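Q: Just so you know, the protein sequences line up as chains C and X, in that order.
According to this note's numbering, the first sequence is numbered sequentially starting from 1.
According to this note's numbering, the second sequence is numbered sequentially starting from 1.
FYI, nobody ran anything at the bench for these hints, they're computed from the structure.
Each hint can be trusted.
Some but not every residue of chain X turned toward chain C, in silico, with C-beta under 10 angstroms:
hint, residue
1, R47
2, P78
3, R82
4, Q85
5, L86
6, F92
7, N96
8, Q100
9, Y101
10, L109
11, R114
12, A171
13, F178
Only a predicted model underlies this, so the values are computations on that prediction, with no experimental measurement involved.
Ideal Cβ positions, reconstructed from N, Cα and C, are used throughout, including at glycine.
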Amino acid sequence: MAQFFQQFPTVFAALNVGFLQTLKLFICTLLGALPLGLLISFGSMSKFKPLSLVTRLIVWVVRGTPLMIQLLIIFFFPGLVWGKPIWGGGESGRFLAATVAFIINYACYFSEIYRGGIQSIPVGQHEASQVLGLTKSQTFFRVVLLQVVKRIVPPMSNEIITLVKDTSLARIIALQEIIWAGQSFMKGSHGIAGQIWPLFFTGVYYLLFSGILTLLFNKLEKKLSYFKV
Amino acid sequence: MAILEVQNIHKSFGRTEVLKGISFSLEKGNVLSIIGSSGSGKTTLLRCINFLETADTGRITVDGDVIFDSDTQAKLSPREKRDKQLKIGLVFQQFNLFPQYNVLDNVTLAPRLRAKEREDYKKNKKQINAEIEEKAKALLEKMGLSDKLQNYPCELSGGQQQRVSIARAMALEPKILFFDEPTSALDPELTGEILKVIRELAEEHMTMVIVTHEMNFAKDVSDHIVFMDHGVIAEEGRAEDLFNNPQSERLKAFLNNYD
Numbered sequence: 001m002a003q004f005f006q007q008f009p010t011v012f013a014a015l016n017v018g019f020l021q022t023l024k025l026f027i028c029t030l031l032g033a034l035p036l037g038l039l040i041s042f043g044s045m046s047k048f049k050p051l052s053l054v055t056r057l058i059v060w061v062v063r064g065t066p067l068m069i070q071l072l073i074i075f076f077f078p079g080l081v082w083g084k085p086i087w088g089g090g091e092s093g094r095f096l097a098a099t100v101a102f103i104i105n106y107a108c109y110f111s112e113i114y115r116g117g118i119q120s121i122p123v124g125q126h127e128a129s130q131v132l133g134l135t136k137s138q139t140f141f142r143v144v145l146l147q148v149v150k151r152i153v154p155p156m157s158n159e160i161i162t163l164v165k166d167t168s169l170a171r172i173i174a175l176q177e178i179i180w181a182g183q184s185f186m187k188g189s190h191g192i193a194g195q196i197w198p199l200f201f202t203g204v205y206y207l208l209f210s211g212i213l214t215l216l217f218n219k220l221e222k223k224l225s226y227f228k229v
Numbered sequence: 001m002a003i004l005e006v007q008n009i010h011k012s013f014g015r016t017e018v019l020k021g022i023s024f025s026l027e028k029g030n031v032l033s034i035i036g037s038s039g040s041g042k043t044t045l046l047r048c049i050n051f052l053e054t055a056d057t058g059r060i061t062v063d064g065d066v067i068f069d070s071d072t073q074a075k076l077s078p079r080e081k082r083d084k085q086l087k088i089g090l091v092f093q094q095f096n097l098f099p100q101y102n103v104l105d106n107v108t109l110a111p112r113l114r115a116k117e118r119e120d121y122k123k124n125k126k127q128i129n130a131e132i133e134e135k136a137k138a139l140l141e142k143m144g145l146s147d148k149l150q151n152y153p154c155e156l157s158g159g160q161q162q163r164v165s166i167a168r169a170m171a172l173e174p175k176i177l178f179f180d181e182p183t184s185a186l187d188p189e190l191t192g193e194i195l196k197v198i199r200e201l202a203e204e205h206m207t208m209v210i211v212t213h214e215m216n217f218a219k220d221v222s223d224h225i226v227f228m229d230h231g232v233i234a235e236e237g238r239a240e241d242l243f244n245n246p247q248s249e250r251l252k253a254f255l256n257n258y259d
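Produce the entire structure from the sequences given, and follow the hints as far as they go.
A: Written out as structure tokens, the structure reads:
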């Protein structure tokens, strides 16, 4: 027990550094995947058949294969096959590769949520907008969008909380996120070795983080409860 | 001169010909009801006139302006189409109010967006929007909704929602107001309040076209009746003539169902 209290400050500091990387990956993924997902959903709903077919094919492949494999392919493929690693070396290169893989993967999931939300808006909303002389873009931004947001908050919160935990997959390309930091105390780091509790302790970070997100999403849902769709 | 002239409208969905050449006209200030059984094409006709469907052939003129001509329709810009669209208003069976806006904003949204296209908008922004709001409030007062301006559609009864949607359509000052079965989504005890509103509008000589299943109402409020059957106008005429002295067997059979 005394040893635990002695080790705790060192472990805590190292885990915080790892968590910062986790958080960075989480935020960069959202910043890229939220808008990219919207573009992909427009592509998959396009009336131009070749575009919607290609988009749906990509979404199928990305959603149908493990994110871990996608991470490995995106990280290693350029170096192994083309003979030139495009990601640059070191931690920043690994972070860039991981971010790209996560953005592509999550944009595909988000696109399906957006598509479901957009297509669930009754056709009457579009027709009413049309007979009132609204343009297509006015109809989307003034009439449809907020209704879509309201409808997709529950599935989006689900997906985003999954993302919190999925960031741990970046461990596979040795990104120094929180799992990597926790694991390092097993083989030895900062003068501590053979300890597994730091790895277990990382669970507390995930739990707290997803707890905060859950509260935020509940707040958003409440804020949008003044109207019914 | 007729304010509305509909000439030779044809519309097919795939191989099914729903409208087989519809022509009629309507005088300014008159009320026309379109009756007929389900599947006779009356809603499709209304949707063609309101641009929710594109007729395969035909021509529609409102107040001397051609708003639809199947030969030239494809060449119109979206802006031109919208300008033509706004000569007529439509009240839906399902109201189709915008759920995230309160009653007042539902009525002012389209006029506000429309006003932004005016050349003097930047200069007189405040005044223009104040006028739009005043007008919307006056319309809503007429609909008996002055105490509901800040309410959201989900807080209103079906009848109240339909009255908001009538005010919303009228806020753009259409020359003709169309109603697509305006009481069909309402409980029987709520249909009366909508029929009363339409009757009041008729007394003010608002030009209206009403697709309805309410025969007594149609007989009472309309100047002119069009009876549709299998995509054609089977009979038309003055309301009292048509109801009291139907000529065709099909209309006789149809009216018998309502007795």
